[in-house]
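Engineer: Could you build the full structure based on these sequences and the hints that come with them?
Residues per chain are reported as follows:
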Amino acid sequence: MDELFGTLFGNTPLSQQIAYLQMELGSAIWETIYSTIVATFFSYVIGLPLGVILVTGEKGGVRPLPGWLMKVLNTVVNLLRSVPFLILMVMVIPLSRMIVGTSVGTTASIIPLICAAFPFVARLVEASLRETDKGILEAAQAMGCTPMQIIRKVMLPEALPSLLIGFTTAFITILSYGAMSGAIGGGGLGSLAINYGYQRQMYFILYVSVVILVVMVQVFQSLGTHFAVALDRRVTNKRSKSARKAHRGEKAGFQ
Amino acid sequence: MIELKHITKRFPTAEGEFTALNDVSLTIGDGDIFGIVGMSGAGKSTLVRCLNLLERPSEGQVVIDGEDLCAMSTKELTRRRRSISMIFQHFNLLMQRTCLDNICFPMEIAGKKGPEVKKKARELLDIVGLPDKADAYPAQLSGGQKQRIAIARALASDPKILLCDEATSALDPKTTRDILRLIQDINRRLGITVVIITHEMGVIEEICSHVAILDHGVLQETGTVEETFSNPKTEAGRRLVYPDGVVLDQLPTSHVIRIAFNGSSSYEPLIASLAMDCQVKVNILGADTRNVDGKAFGTMLLGLPEDAGERERAIQYIKNQPNVTMEEVHDYHG
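Residue numbers (our numbering), protein chains in the order written: chain A, 1 to 255; chain B, 1 to 334.
Think of the hints as simulated: they come from the structure by calculation, not from any bench. Among these hints, one or two may not hold up.
Here are the simulated DSS-like pairs of lysine-lysine, each with C-alpha atoms no more than 30 angstroms apart in a straight line [as the list claims (entries may be wrong)]:
1. B:K5 with A:K134
2. B:K160 with B:K174
3. B:K5 with A:K153
4. B:K160 with B:K112
5. A:K134 with B:K112
6. A:K59 with B:K5
7. B:K281 with A:K153
8. A:K153 with B:K119
9. B:K75 with A:K59
10. A:K134 with B:K113
Computed from a predicted model, the values in this text were never measured in an experiment.
Structural biologist: Now the structure itself:
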């Protein structure tokens, strides 16, 4: 019996694991939410304009930019997207030190998250904006819209439901990658799971951390989908969520 | 006045250059309803997009009220486009905005604000006959209703010119007629010059004052609708004016008339009554007619008998019919 318990929950007594949880869990959840929100925010600060430029700047776009510039932007995005997150985290340690003064802790782990997520966000935004009906863009041009007006008043509002779906995907991806940064000294649920659960073999803590992550993902995904559907004026009540879901498609994580 | 001067438009393609428009010159007078007709691929859509420089011609000038659009700066052109409205086959409404906000859109981008914008949008909703749809979203409307909203939006910028790119091609015949009536009404009431692109001769026949026939990027002929329809001078013109399926080369060389039904109650009794009332037997060489709201529209080619007296009786009889126009088909066999 004890053996089975040990295999399932680790050799540390359950009471002690619970004591650790009571001590650490609250701040771990907070750190995860904090780093995810801050990283998502800055990823969009960089990724949203970049995504807009990737669509509007290309040849035949709303505001074409020089071809070499578009090539550079695309290459940078692809490069950052192709570096595995674990390696990227190590690579940007000097950058973290420069910006936040340290390379360990929750705040420091936000920098690699942003570096990995903004190119992903840019691609998500790009994909959403490409769905804009070409006819609507043509109509806007015919009405005498400036490129900026087309972006602000036509492309972004028309793509809003799709952008929201993308936002949810980005948020969840950043949440799960934030957990990974526990491996190199970031905070949050990930570090709780790795430091206590894995390294000190307190499997109960591991399970709890993972279950909480799973629940958080479910909640955020449901919220995101709900708002995206509720805000979409193209679907009347008859055409239900299933149509939206089919439309959403598979989007891979940023690594 | 719109003047197109020697417009040529070439597109680069994989197989080399494709000439979509070849030296097209055209003058459209103020207040006209000008139809541009042609088969698909004739270059109509490219031509209408040259009028507001959505497509920049490779050569030639687009002169509107004496100003050459091609010579304008981007800024000037953007402002100029606000007086040239356009409606489309697929309506192109903003799907995430209500109908009222769609109509406000052109005023918004022109920098107008305040309650008078909404007030004007509501007036326009009245004009197009949908006052109760202010808060509806485009997805909740039928095709005809969407086009009405698009027309209201097009009028919001007080345009001088309205371009219609296959505006009725996605609509059923009844709705097509309603929308055409609305366009005609707007032309008369507001004096807006209307340019209509279509592949349907019926549309031209119904509301246009002038027509240009485009074929393979070349302007074949242009003139008033009556002139052009009664005596199409070119092969492309004849193909469009005469009903589908008529093999021109197999027609008799003379005594052929073309009749157009413009909403008479029905077309079949005409042929029957010709036989019964006038004892004239006519030969239907081709017909392209359709029934809209129980009224007949379309054209028919009839071969009249050899006998001059019978022929005269038939012509007189047809001429006396309401809502039917008739013209003789001239000998074009050379």
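Engineer: Between K134 (chain A) and K113 (chain B), is the straight-line Cα distance small enough, at 30 angstroms or below?
Structural biologist: 27 angstroms, holds
Engineer: Holds or violated: K153 (chain A) with K119 (chain B), Cα cutoff 30 angstroms?
Structural biologist: Holds: K153 (chain A) and K119 (chain B) sit about 21 angstroms apart, inside 30 angstroms.
Engineer: Next pair to validate is K75 (chain B) with K59 (chain A); report whether the Cα-Cα distance is within 30 angstroms.
Structural biologist: The given pair, whose Cα atoms are some 20 angstroms apart, holds under the 30 angstroms limit.
Engineer: For K160 (chain B) and K174 (chain B), compute the direct alpha-carbon distance and say whether it is at most 30 angstroms.
Structural biologist: 28 angstroms, holds
Engineer: Take the C-alpha atoms of K5 (chain B) and K134 (chain A), compute the straight-line distance between them, and say whether it is at most 30 angstroms.
Structural biologist: 29 angstroms, holds
Engineer: Is the Cα-Cα distance between K160 (chain B) and K112 (chain B) 30 angstroms or less?
Structural biologist: It holds: about 19 angstroms lies between the C-alpha atoms, which stays within 30 angstroms.
Engineer: Below or equal to 30 angstroms on CA atoms is what counts here, so check K281 (chain B) against K153 (chain A).
Structural biologist: Violated: K281 (chain B) and K153 (chain A) sit about 65 angstroms apart, past 30 angstroms.
Engineer: Given the hint that K5 (chain B) pairs with K153 (chain A), test it: the Cα-Cα distance must not exceed 30 angstroms.
Structural biologist: Violated, at roughly 35 angstroms.
Engineer: Does K134 (chain A) pair with K112 (chain B) here, judged by a C-alpha cut-off of 30 angstroms?
Structural biologist: 26 angstroms, holds
Engineer: Can you confirm whether the C-alpha distance between K59 (chain A) and K5 (chain B) stays at or below 30 angstroms?
Structural biologist: 28 angstroms, holds
The structure is inconsistent with the numbered hints 3, 7, although it conforms to all the rest.
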